[in-house]
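2 protein chains.
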Amino acid sequence: MDKVKIENNAFVYPMPMVLAGAMVDNKPNFMAVGWVSRVNFTPPMIGISLGKAHYTNGGIHQNRAFSVNVPGMDLIEKVDYCGLVTGKTTDKSQIFDVFYGELKNAPLIRECPLCMECQLVQTVDMPSNTLFIGQILGAYTEERFLTGGKPDILKINPFTLTMPDNQYWAGGRNAGKAWGMGKNFKDAKP
Amino acid sequence: MDKVKIENNAFVYPMPMVLAGAMVDNKPNFMAVGWVSRVNFTPPMIGISLGKAHYTNGGIHQNRAFSVNVPGMDLIEKVDYCGLVTGKTTDKSQIFDVFYGELKNAPLIRECPLCMECQLVQTVDMPSNTLFIGQILGAYTEERFLTGGKPDILKINPFTLTMPDNQYWAGGRNAGKAWGMGKNFKDAKP
Chain A
21 MDKVKIENNA FVYPMPMVLA GAMVDNKPNF MAVGWVSRVN FTPPMIGISL GKAHYTNGGI
81 HQNRAFSVNV PGMDLIEKVD YCGLVTGKTT DKSQIFDVFY GELKNAPLIR ECPLCMECQL
141 VQTVDMPSNT LFIGQILGAY TEERFLTGGK PDILKINPFT LTMPDNQYWA GGRNAGKAWG
201 MGKNFKDAKP
Chain B
21 MDKVKIENNA FVYPMPMVLA GAMVDNKPNF MAVGWVSRVN FTPPMIGISL GKAHYTNGGI
81 HQNRAFSVNV PGMDLIEKVD YCGLVTGKTT DKSQIFDVFY GELKNAPLIR ECPLCMECQL
141 VQTVDMPSNT LFIGQILGAY TEERFLTGGK PDILKINPFT LTMPDNQYWA GGRNAGKAWG
201 MGKNFKDAKP
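Those sequence lines, one after another, are chains A and B.
All you need for the numbering used here is the position in the first sequence, starting with 1, plus 20.
All you need for the numbering used here is the position in the second sequence, starting with 1, plus 20.
One or more of the hints may lead you astray.
Identical chains share a label here; the pair holds if one copy fits it or two copies do between them.
As the list claims (entries may be wrong) - No more than 20 Å apart at the CA atoms, straight line, and that leaves these computed lysine to aspartate or glutamate pairs for EDC-like: (1) Lys175 to Glu131; (2) Lys206 to Glu97; (3) Lys175 to Glu163; (4) Lys72 to Asp145; (5) Lys206 to Asp111; (6) Lys175 to Glu162; (7) Lys108 to Asp45; (8) Lys203 to Asp45; (9) Lys72 to Glu97; (10) Lys170 to Glu27; (11) Lys206 to Asp94; (12) Lys197 to Asp185; (13) Lys23 to Asp111; (14) Lys23 to Asp172.
If you're looking for bench data, these hints aren't it; they were derived computationally from the structure.
Bound-form chain A, shown alone:
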């Protein structure tokens, strides 16, 4: 098939959706983030890339701490709401039941199946965004989201984002073992 060139503003499919939390003006604030990834293995670090105009950014710079919270499908409207309104004009501190781990300035969301508290270790300044890299100092879940001691995506029931069509996606089926099923291709090679 022939390839066609599309606009350079392209994306990966799909993007995980999280709520990033920070203390801003002494109040918990949360924003919806799809540009998030683990960036270091040991020690565990995670990066979130936020447009520079966001209200959240000032709080992360000031406190050198933020949180990454993985919401389930039951929170999808609240998550989207957090992406629609800015903390500059709307108090988002009462939307969720907030708790804290070791860091007292990284607000975590009790309703989220998985919460990570992060100490800011580096900021990467880019043209329109700032990439905040944090070390995960604590991760919190509930027994009901675990299978064999590990978080289970089918129990977390998260949702994802696609851009530029701006759609959320949920569900899905197991498709096989990573670092495993490639052996079938390997074995099939001449």
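Following the hints, position chain B against chain A.
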């Protein structure tokens, strides 16, 4: 429900799976990557975080270019294979039909529904990983993967990764409009 603390080596759910491409020792090489995210909006930039020991890294440093290719489910065994074997000892240049865009040192995979060629703009050195940030100079797909001129996840049919259980996931259903459905929560507020 009571939260329980789990190990700090926690992840987002799920992670998009891509094949990162680079020229290494004058040959195309590809590796499976789940730690990938857009990191800048304008100009469009994408980041991939690779363990420092990977064979691919040297090629990206040397050529200042790499590619990000989004595979469909039909490629899952080949993708996993690329994650199982290193280019140090296994020639992966013949697994895919390779093509090039503007950059002649960012190998793209014709079998992948979406391919992005990236010029390296920054590297972030971390304890165990290097984050490579590239500007997307070209994005390529096929008409059959587009709906309304935009890539359609249902046509791309990608898969995702979860860690630390190391499983792939595919499929899923539309869950609503991003930057839209939050209005329901907003309107319901007292």
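Hints, one by one, checked against the model:
1. Lys175 to Glu131: The answer is within: 14 Å in one copy meets 20 Å, while 33 Å across copies does not.
2. Lys206 to Glu97: This pair counts as between: shortest inter-copy Cα distance 9 Å, intra-copy 44 Å.
3. Lys175 to Glu163: within (10 Å within a copy, 36 Å between copies)
4. Lys72 to Asp145: within (9 Å within a copy, 22 Å between copies)
5. Lys206 to Asp111: between (55 Å within a copy, 12 Å between copies)
6. Lys175 to Glu162: within (10 Å within a copy, 35 Å between copies)
7. Lys108 to Asp45: Cα proximity of Lys108 and Asp45: one copy only (10 Å, versus 51 Å across).
8. Lys203 to Asp45: neither (53 Å within a copy, 25 Å between copies)
9. Lys72 to Glu97: neither (24 Å within a copy, 39 Å between copies)
10. Lys170 to Glu27: Classified as between: cross-chain Cα gap 9 Å, same-chain 39 Å, threshold 20 Å.
11. Lys206 to Asp94: Only across copies: Lys206 and Asp94 sit 16 Å apart there, 41 Å inside one copy, limit 20 Å.
12. Lys197 to Asp185: For Lys197 and Asp185, only the inter-copy Cα distance (9 Å) is at most 20 Å; the intra-copy one is 30 Å.
13. Lys23 to Asp111: neither (47 Å within a copy, 25 Å between copies)
14. Lys23 to Asp172: between (37 Å within a copy, 15 Å between copies)
Consistency with the previously given hints fails for numbers 8, 9, 13, ordered from lowest to highest.
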